[in-house]
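Protein chains: 2
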Amino acid sequence: MNAPLRTAATPVDPVKLERLAEVAVKVGLQLQRGQDLVMTAPVAALPLVRLITKHAYIAGAGLVSTFYADEEATLARYRHAPDESFDRATDWLYQGMAKAYADGAARLAIAGDNPMLLSNEDPAKVARANKANSIAYKPALEKIANFDINWNIVSYPNPSWARQVFPDDAEDVAVEKLANAIFAASRVDRDDPVGAWKAHNANLRSRSAWLNGERFTALHFRGPGTDLTVGLADGHEWHGGASTAKNGITCNPNIPTEEVFTTPHALRVEGHASSTKPLSHQGTLIDDIRVRFEAGRIVEAHASRGEAVLNKVLDTDEGARRLGEVALVPHSSPISASGLLFYNTLFDENAACHIALGQCYSKCFLDGASLSPEQVAAQGGNSSLIHIDWMIGSGEIDIDGIRADGSRIPVMRAGEWA
Amino acid sequence: MNAPLRTAATPVDPVKLERLAEVAVKVGLQLQRGQDLVMTAPVAALPLVRLITKHAYIAGAGLVSTFYADEEATLARYRHAPDESFDRATDWLYQGMAKAYADGAARLAIAGDNPMLLSNEDPAKVARANKANSIAYKPALEKIANFDINWNIVSYPNPSWARQVFPDDAEDVAVEKLANAIFAASRVDRDDPVGAWKAHNANLRSRSAWLNGERFTALHFRGPGTDLTVGLADGHEWHGGASTAKNGITCNPNIPTEEVFTTPHALRVEGHASSTKPLSHQGTLIDDIRVRFEAGRIVEAHASRGEAVLNKVLDTDEGARRLGEVALVPHSSPISASGLLFYNTLFDENAACHIALGQCYSKCFLDGASLSPEQVAAQGGNSSLIHIDWMIGSGEIDIDGIRADGSRIPVMRAGEWA
Numbered sequence: 000m001n002a003p004l005r006t007a008a009t010p011v012d013p014v015k016l017e018r019l020a021e022v023a024v025k026v027g028l029q030l031q032r033g034q035d036l037v038m039t040a041p042v043a044a045l046p047l048v049r050l051i052t053k054h055a056y057i058a059g060a061g062l063v064s065t066f067y068a069d070e071e072a073t074l075a076r077y078r079h080a081p082d083e084s085f086d087r088a089t090d091w092l093y094q095g096m097a098k099a100y101a102d103g104a105a106r107l108a109i110a111g112d113n114p115m116l117l118s119n120e121d122p123a124k125v126a127r128a129n130k131a132n133s134i135a136y137k138p139a140l141e142k143i144a145n146f147d148i149n150w151n152i153v154s155y156p157n158p159s160w161a162r163q164v165f166p167d168d169a170e171d172v173a174v175e176k177l178a179n180a181i182f183a184a185s186r187v188d189r190d191d192p193v194g195a196w197k198a199h200n201a202n203l204r205s206r207s208a209w210l211n212g213e214r215f216t217a218l219h220f221r222g223p224g225t226d227l228t229v230g231l232a233d234g235h236e237w238h239g240g241a242s243t244a245k246n247g248i249t250c251n252p253n254i255p256t257e258e259v260f261t262t263p264h265a266l267r268v269e270g271h272a273s274s275t276k277p278l279s280h281q282g283t284l285i286d287d288i289r290v291r292f293e294a295g296r297i298v299e300a301h302a303s304r305g306e307a308v309l310n311k312v313l314d315t316d317e318g319a320r321r322l323g324e325v326a327l328v329p330h331s332s333p334i335s336a337s338g339l340l341f342y343n344t345l346f347d348e349n350a351a352c353h354i355a356l357g358q359c360y361s362k363c364f365l366d367g368a369s370l371s372p373e374q375v376a377a378q379g380g381n382s383s384l385i386h387i388d389w390m391i392g393s394g395e396i397d398i399d400g401i402r403a404d405g406s407r408i409p410v411m412r413a414g415e416w417a
Numbered sequence: 000m001n002a003p004l005r006t007a008a009t010p011v012d013p014v015k016l017e018r019l020a021e022v023a024v025k026v027g028l029q030l031q032r033g034q035d036l037v038m039t040a041p042v043a044a045l046p047l048v049r050l051i052t053k054h055a056y057i058a059g060a061g062l063v064s065t066f067y068a069d070e071e072a073t074l075a076r077y078r079h080a081p082d083e084s085f086d087r088a089t090d091w092l093y094q095g096m097a098k099a100y101a102d103g104a105a106r107l108a109i110a111g112d113n114p115m116l117l118s119n120e121d122p123a124k125v126a127r128a129n130k131a132n133s134i135a136y137k138p139a140l141e142k143i144a145n146f147d148i149n150w151n152i153v154s155y156p157n158p159s160w161a162r163q164v165f166p167d168d169a170e171d172v173a174v175e176k177l178a179n180a181i182f183a184a185s186r187v188d189r190d191d192p193v194g195a196w197k198a199h200n201a202n203l204r205s206r207s208a209w210l211n212g213e214r215f216t217a218l219h220f221r222g223p224g225t226d227l228t229v230g231l232a233d234g235h236e237w238h239g240g241a242s243t244a245k246n247g248i249t250c251n252p253n254i255p256t257e258e259v260f261t262t263p264h265a266l267r268v269e270g271h272a273s274s275t276k277p278l279s280h281q282g283t284l285i286d287d288i289r290v291r292f293e294a295g296r297i298v299e300a301h302a303s304r305g306e307a308v309l310n311k312v313l314d315t316d317e318g319a320r321r322l323g324e325v326a327l328v329p330h331s332s333p334i335s336a337s338g339l340l341f342y343n344t345l346f347d348e349n350a351a352c353h354i355a356l357g358q359c360y361s362k363c364f365l366d367g368a369s370l371s372p373e374q375v376a377a378q379g380g381n382s383s384l385i386h387i388d389w390m391i392g393s394g395e396i397d398i399d400g401i402r403a404d405g406s407r408i409p410v411m412r413a414g415e416w417a
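So the sequences go chain by chain: A and B.
All the letters of the first sequence, read from the start, carry residue numbers 0 to 417 under numbering that gives the first Met the number 0.
All the letters of the second sequence, read from the start, carry residue numbers 0 to 417 under numbering that gives the first Met the number 0.
In isolation and in its complexed conformation, chain A is listed as follows (with noise of 0.2 Å):
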């Protein structure tokens, strides 16, 4: 408990960590000169919060203003913290950060949290907080949601994170093995980042104006335990790698990303579908998740490990139970040819194709910008306070389109594009 900080000796590369760090601002937000920045952190990413800092006001920002997270601190409310903590939540601080989204200022997050951190506290204190805190949240979700401003996340080799994807490792080696996987899937392992950025977002164009091109009514997925067919919403829209936000800057909010995603209708998911790769959520494994839909709705849900959790998810609200994002990846991604398990969606969301419970992106609609909530709605857009991905692609996975005519277009054969 008693841990100052030092500068010591780090397994983290510097050189690459300060490309990460301009990639994140110059690609994941492309940050204009003025515009202010809101970061969130874990104390732990500190390195990496200086460096982007430090490349955010070289690029012209006005302000940026950090807001750290520390897994000790959030363990010892678990542990000593009165019972009605736990539907609690600090909403002016939300408010206040919509406020400045609204204001013109771009949000950067960075991920690296244990994925285990709460695996051993009160499920129930566990959906409760998280619960408060959604609702809380939700002003300044949406404008990120809505894709109001620019936005990125990108990842620090947490010590913590880096135990838990390299278990057999020393700690150093663990946190160098994660900090590298983390450069080579966020393309700063090369000596034009920028360059490299650029390529790969005219590939996922290439892939979303295809998907376009034919709009499919629906998809069929097709593997070992998936049988699941998932319309797509009425005026849908395929997006991928770069995109450009209702502030006119067009933005890379996900490094890494590989997929090409769009919005499903909510109410029109028919059949059952199984967890490829086991879903980290806010601190508990779910494994083998099984669920079987009906008219867009999640009737049976079981899994492994994680039920209990899993059922209280599904239990927050009616769009918990809906699908708001469908996306496809190769199975021969980077991510997934690292063929690690980091517990952590933005990785390995990236590393196979995947469904979302919950809210959709309003973005994923033709003419998304100028759609009202409710015209959203009645084109079988979803809406929650929750958007949790997991992974039911592989190496086995057959994916068809549907058109409206019911003919039918191979997607994707044994995991890659066909």
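Some hints here could point you the wrong way.
For identical chains, the list gives no copy identity; a pair is met inside one copy or between any two copies.
[Said to hold, decoys possible] Below 30 Å or equal to it, Euclidean Cα-Cα: the simulated DSS-like pairs (lysine-lysine) are:
1) K124 with K25
2) K311 with K124
3) K98 with K15
4) K137 with K98
5) K362 with K15
6) K15 with K311
7) K362 with K124
8) K245 with K176
9) K137 with K311
10) K130 with K98
11) K15 with K130
12) K15 with K137
Keep in mind the hints are simulated off the structure, nothing from the lab.
Please arrange chain B on chain A, whose structure you already have, making use of the hints.
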């Protein structure tokens, strides 16, 4: 720049650090069950933040929210941010804090920043940034200055501060020495710190009770370079040690504290005064201050070092040239006896009698809680964006109390209570 957070051996005694956390929560704040806590801290104070968080939750805190400042991020702004950044501040955050205080949250600040952090930066930029911050912070500061809520400041021995106080020592030695000085001054170097604070509060209460009984209209300070008559505000009240906030909670805002203090009359200060210790003001050291007052207003100001910053401070607003506080501290106080210059007002002001430029404390009036800002002003209370203490006391200062009939009573002789 690439400094990961490590749990390393530390020269800071963990037992005394935990006692300091307990004293902050139980004595400094008297945190109530269900009360939220808003904490600010340098990132280097993480070990103390964690212990305070733990003890706050044990005391029944609702939510503990900590906001970290990072010296490297501050320097990155000065070195890289566009010029227009320096007229900006995170107003949305301070407005949110003001809302949290209005809703019942307590406030704890951990001090310990490098007092010389900005000494090599452009003084004009420092002044602009400070002014923008003062304006933005005003809604939150008013809740603190008006004593609407229970609040507290404690200190952590940051390495960058320790190196300043003990420049001839290795960093670990400097941190250990500063930690021990903080622990002694904060009365946590004994077995029953909470009991020690009870006795200390009783002693300070008896001093202020005597001064309140005397009802002096002015104090006359005489010493090397000082011949100053400080008129006291009409209906002023002396305070010292524990005090009851408007929310009904009795707390010790400053840890350490050795002073009894009240509100001078903003229009009735005459003569000249010289500082007896350097003033460390937001990164600049201001030394050998010499000022002349006419009708309460500083009409002439000099300093051997930092004069430009001093004059910028005085130009903040009209109230910045007038006094908002006068405080009495015996020369034999433990902090004075340590012989150290802490470059930190929280400590240095408790080593000597001092005056403060700027905003007065409305609690330092009889029935102060019920006075409007207009009534405070009518009775002589000063108003300003700033509140800056500086030392005029020493072992050579004599102070007389002047009664309404002009008669004089010795208050201090050679720096000690007469």
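Hints that the structure is at odds with (numbers, increasing): 3, 5, 6, 7, 8, 11, 12
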